[in-house]
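Number of protein chains: 2
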Amino acid sequence: MTELKCPGFKAAGINCGIKKNNELDLGLILSESSCNAAAVFTKNKVAAAPVILSKKNIESGKCRAVIVNSGNANCATGENGLSNSVKTVEKISEIFNLPVSEIQIASTGVIGVELPVKKITDNISSLKSNLKDDFTDFNKAIMTTDKFMKNISLSDKIDNKEVHLLAIAKGAGMIRPDMATMLCYVVTDAEIDSLTIKEMLRSCVNSSFNKISVDGDTSTNDTVLMMAGGKSGVKINSQEKIKKFKSLLEKALVFLSKEIVRDGEGSTKVVTIKAVNAKTKKDASKIVNVIAHSMLVKTALFGEDPNWGRIIAAAGRSGADFDPYETDIFFDNICLMKKGSTSGSQAEEKVHEIMTKDHYEIIVDLNLGKFSDYIITSDLSYEYIKINADYRT
Amino acid sequence: MTELKCPGFKAAGINCGIKKNNELDLGLILSESSCNAAAVFTKNKVAAAPVILSKKNIESGKCRAVIVNSGNANCATGENGLSNSVKTVEKISEIFNLPVSEIQIASTGVIGVELPVKKITDNISSLKSNLKDDFTDFNKAIMTTDKFMKNISLSDKIDNKEVHLLAIAKGAGMIRPDMATMLCYVVTDAEIDSLTIKEMLRSCVNSSFNKISVDGDTSTNDTVLMMAGGKSGVKINSQEKIKKFKSLLEKALVFLSKEIVRDGEGSTKVVTIKAVNAKTKKDASKIVNVIAHSMLVKTALFGEDPNWGRIIAAAGRSGADFDPYETDIFFDNICLMKKGSTSGSQAEEKVHEIMTKDHYEIIVDLNLGKFSDYIITSDLSYEYIKINADYRT
Numbered sequence: 001m002t003e004l005k006c007p008g009f010k011a012a013g014i015n016c017g018i019k020k021n022n023e024l025d026l027g028l029i030l031s032e033s034s035c036n037a038a039a040v041f042t043k044n045k046v047a048a049a050p051v052i053l054s055k056k057n058i059e060s061g062k063c064r065a066v067i068v069n070s071g072n073a074n075c076a077t078g079e080n081g082l083s084n085s086v087k088t089v090e091k092i093s094e095i096f097n098l099p100v101s102e103i104q105i106a107s108t109g110v111i112g113v114e115l116p117v118k119k120i121t122d123n124i125s126s127l128k129s130n131l132k133d134d135f136t137d138f139n140k141a142i143m144t145t146d147k148f149m150k151n152i153s154l155s156d157k158i159d160n161k162e163v164h165l166l167a168i169a170k171g172a173g174m175i176r177p178d179m180a181t182m183l184c185y186v187v188t189d190a191e192i193d194s195l196t197i198k199e200m201l202r203s204c205v206n207s208s209f210n211k212i213s214v215d216g217d218t219s220t221n222d223t224v225l226m227m228a229g230g231k232s233g234v235k236i237n238s239q240e241k242i243k244k245f246k247s248l249l250e251k252a253l254v255f256l257s258k259e260i261v262r263d264g265e266g267s268t269k270v271v272t273i274k275a276v277n278a279k280t281k282k283d284a285s286k287i288v289n290v291i292a293h294s295m296l297v298k299t300a301l302f303g304e305d306p307n308w309g310r311i312i313a314a315a316g317r318s319g320a321d322f323d324p325y326e327t328d329i330f331f332d333n334i335c336l337m338k339k340g341s342t343s344g345s346q347a348e349e350k351v352h353e354i355m356t357k358d359h360y361e362i363i364v365d366l367n368l369g370k371f372s373d374y375i376i377t378s379d380l381s382y383e384y385i386k387i388n389a390d391y392r393t
Numbered sequence: 001m002t003e004l005k006c007p008g009f010k011a012a013g014i015n016c017g018i019k020k021n022n023e024l025d026l027g028l029i030l031s032e033s034s035c036n037a038a039a040v041f042t043k044n045k046v047a048a049a050p051v052i053l054s055k056k057n058i059e060s061g062k063c064r065a066v067i068v069n070s071g072n073a074n075c076a077t078g079e080n081g082l083s084n085s086v087k088t089v090e091k092i093s094e095i096f097n098l099p100v101s102e103i104q105i106a107s108t109g110v111i112g113v114e115l116p117v118k119k120i121t122d123n124i125s126s127l128k129s130n131l132k133d134d135f136t137d138f139n140k141a142i143m144t145t146d147k148f149m150k151n152i153s154l155s156d157k158i159d160n161k162e163v164h165l166l167a168i169a170k171g172a173g174m175i176r177p178d179m180a181t182m183l184c185y186v187v188t189d190a191e192i193d194s195l196t197i198k199e200m201l202r203s204c205v206n207s208s209f210n211k212i213s214v215d216g217d218t219s220t221n222d223t224v225l226m227m228a229g230g231k232s233g234v235k236i237n238s239q240e241k242i243k244k245f246k247s248l249l250e251k252a253l254v255f256l257s258k259e260i261v262r263d264g265e266g267s268t269k270v271v272t273i274k275a276v277n278a279k280t281k282k283d284a285s286k287i288v289n290v291i292a293h294s295m296l297v298k299t300a301l302f303g304e305d306p307n308w309g310r311i312i313a314a315a316g317r318s319g320a321d322f323d324p325y326e327t328d329i330f331f332d333n334i335c336l337m338k339k340g341s342t343s344g345s346q347a348e349e350k351v352h353e354i355m356t357k358d359h360y361e362i363i364v365d366l367n368l369g370k371f372s373d374y375i376i377t378s379d380l381s382y383e384y385i386k387i388n389a390d391y392r393t
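In order, the protein sequences belong to chains L and E.
Just so you know, this note's numbering puts 196 at position 196 of the first sequence, and the rest follows in order with no gaps.
Just so you know, this note's numbering puts 66 at position 66 of the second sequence, and the rest follows in order with no gaps.
I should point out that these hints are in silico values taken from the structure, not numbers from a laboratory.
There may be inaccurate statements among the hints.
One copy or any two copies: either way a pair holds, since identical chains are not told apart in the list.
Claimed, not checked - In silico lysine to aspartate or glutamate, DMTMM-like type, Cα no more than 25 angstroms apart, as pairs:
| id | residue 1 | residue 2 |
| --- | --- | --- |
| 1 | 43 | 191 |
| 2 | 20 | 305 |
| 3 | 55 | 323 |
| 4 | 161 | 134 |
| 5 | 281 | 191 |
| 6 | 235 | 133 |
| 7 | 243 | 358 |
| 8 | 386 | 305 |
| 9 | 386 | 358 |
| 10 | 91 | 59 |
| 11 | 386 | 304 |
| 12 | 55 | 326 |
| 13 | 282 | 156 |
| 14 | 43 | 373 |
| 15 | 45 | 326 |
| 16 | 45 | 365 |
| 17 | 119 | 94 |
| 18 | 339 | 79 |
| 19 | 19 | 349 |
| 20 | 19 | 348 |
| 21 | 274 | 361 |
| 22 | 251 | 321 |
| 23 | 56 | 323 |
| 24 | 244 | 199 |
| 25 | 350 | 122 |
Please build the complete structure, drawing on both the sequences and the hints.
Structural data, given as structure tokens:
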């Protein structure tokens, strides 16, 4: 297993009694020094209490510590919910002697249930004594229905010095209200100002977490946070260095976003839906969005059925400008539909073979313009129904 | 069983060899005289060949005959598809001595497969000799995955004379590309001009078929057609009479639309999602639309899980203007969420009881304004996956 370390950062993960069976449910990241930081949060109007508080604190552009609990999302918990997040942050502030504005907080798990805040505040000291260089326990502590840990450790030479980046995510669906809200923490020993972090983060989230879908439901707790501690001594202060660091960040987030789809609830496939040669970027986006969320397409992916009719019909209701009689559909390199008509049974057989793979691409070629877009999605299986119908019963 | 009759109309249903096991697959409606008529078609850009032809023919405002085949949608079949629909209509024109512009045509079934047009044209004479007053065979002939027939026969006194309306629909999903495309035929012995029919039809389709959803996928073949033959001698030519007749039409279409949800693929529940007291109608529509199509909400309906968190989180991503801390959620008359927080475990238990019923309502009260909207939807079950994953394999 890769070492989950980044110079200048420590982390901890313990059980504080929210999850059963002594599973880790409380995690902390602590930086040696105050970091420049920025974050991206859920756009859901129903934002959880910790999101409301973290949004306020990150305005400082600084972050020293992150506290996360799993097993309870502290969402739709009214005024109490907010006060419980405030209590947690105040306890961290007291024990680590940090300004409140440099503390980020997140919760993930069931929503609508009051947070047992005492279990958290009583265990902050225990978190302190469990701090290690390695982030493995932290990674475990933020998981909910995740079947496996999701992390990536990268490094690159910038200014002839080694720069490190460690990114850890949780989520088993794109973004989900109560089981698999998506969280991601990125720490680096590069030195970057918070405005640059914000711009890089937004851009890289757009090409990673904003390109995946499991069920199209969006969460109340999603957070992607990046902290730059600067211990490497490398300043990311030129366009060239920003470009280099950004490609490192993008690589990490794209990897983690695919890991989330692979671990998607009930998912048996990771399928990239591409629309190419559209008149506008918006048309391409509309088409991939509707195809990726079509229940009929997703069940056909699960059934390994080359049912291109469902794909073109989904495109047809997307509102995008295109002509079905000019459109081709490919699965990887096999053309299944040519100008709105079937390519025949031999093509169907070849495509069925492709569909038995874990990963493949569906390309809708509109033959109209030069714009394209894509979404990475999963299939819709019996297991998805099982997980979500029986979740609380 | 109700008699499926309407003065002035005959119908037939036969097997022409498209469906196996001698199941009825070719239907005809014939009016004694030329009817005023109007129709509403799928908005999907990928419209089937018969839709393209019917749209052109209905511009005449007249209709005398309707031909429908099931088992093959004649969609995404290129130029051949269109010429096959034209051949069918020309054969009807020849055998019944009717102008082409007074013939409507529809196909429903698998898409992307060439229509075996000869099986149809060779059997038009047989349709003629099978014409009856009763529409039961016609109803059977237009079914695909429907588990039961969907029809309604109504009458009312207008101008002291009895006016009849017979409406027949097929569909086992809202609107679907290849298995359950939705068709509906309404015939009446009232006399109504085609512009009035068009206006009434649009309005009543909006409050019926446009208010239902099974899986959110839309079809390439949807058609709702209404023909007014005038045999009753009753002229619908005043605002008062239009209002009266329109309420009859709306009753029929609302009934049939609910029948389609009840027969929805894998459906075990019919649930009305209402948003009330919204700031604008658009806000209410956005909220019910997102909730009704949320896979997480639909699996919770199937699992009979009072998971209001999924409902408020779906509303939260709808883009509608509302404050979760001012919002209440009811299941029938039981309040499950009050101002963004749980109403407690007793309320949950009562709501779980409600969720075991076949029909119930979920009401999202935004406490903001005076606008409301609703959608009637179904749950998402294992059976849905089974039907759609294994359909062609």
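Intra- versus inter-copy proximity for residue 326 and residue 45 (alpha-carbon distance at most 25 angstroms): The answer is between: 12 angstroms across copies meets 25 angstroms, while 40 angstroms in one copy does not.
Alpha-carbon proximity between residue 43 and residue 191, which holds within one copy, between copies, both or neither at 25 angstroms: neither (28 angstroms within a copy, 54 angstroms between copies)
Residue 91 and residue 59: within-copy, between-copy, both or neither at 25 angstroms Cα: within (20 angstroms within a copy, 73 angstroms between copies)
Within, between, both or neither, where residue 55 and residue 323 count as close if Cα-Cα is 25 angstroms or less: So residue 55 and residue 323 pass the 25 angstroms test across copies only (18 angstroms; inside, 44 angstroms).
25 angstroms Cα threshold - placement of residue 348 relative to residue 19: between (48 angstroms within a copy, 22 angstroms between copies)
Within, between, both or neither: residue 386, residue 304 at alpha-carbon 25 angstroms: Classified as both: same-chain Cα gap 20 angstroms, cross-chain 13 angstroms, threshold 25 angstroms.
Intra- versus inter-subunit Cα pairing at 25 angstroms for residue 339 with residue 79: between (57 angstroms within a copy, 11 angstroms between copies)
Alpha-carbon proximity context of residue 243 and residue 358, limit 25 angstroms: neither (32 angstroms within a copy, 57 angstroms between copies)
Intra- versus inter-copy proximity for residue 321 and residue 251 (alpha-carbon distance at most 25 angstroms): neither (32 angstroms within a copy, 36 angstroms between copies)
Up to 25 angstroms CA-CA - residue 94 versus residue 119, copy category: within (17 angstroms within a copy, 83 angstroms between copies)
Intra/inter-copy verdict for residue 19 and residue 349 if alpha-carbon distance must be at most 25 angstroms: Cα proximity of residue 19 and residue 349: across copies only (24 angstroms, versus 47 angstroms in one copy).
Copy assignment of residue 161 with residue 134, given that the CA separation must stay at most 25 angstroms: Intra 22 angstroms, inter 86 angstroms, cutoff 25 angstroms: intra-copy only.
The structure is inconsistent with the numbered hints 1, 5, 7, 13, 22 and 25, although it conforms to all the rest.
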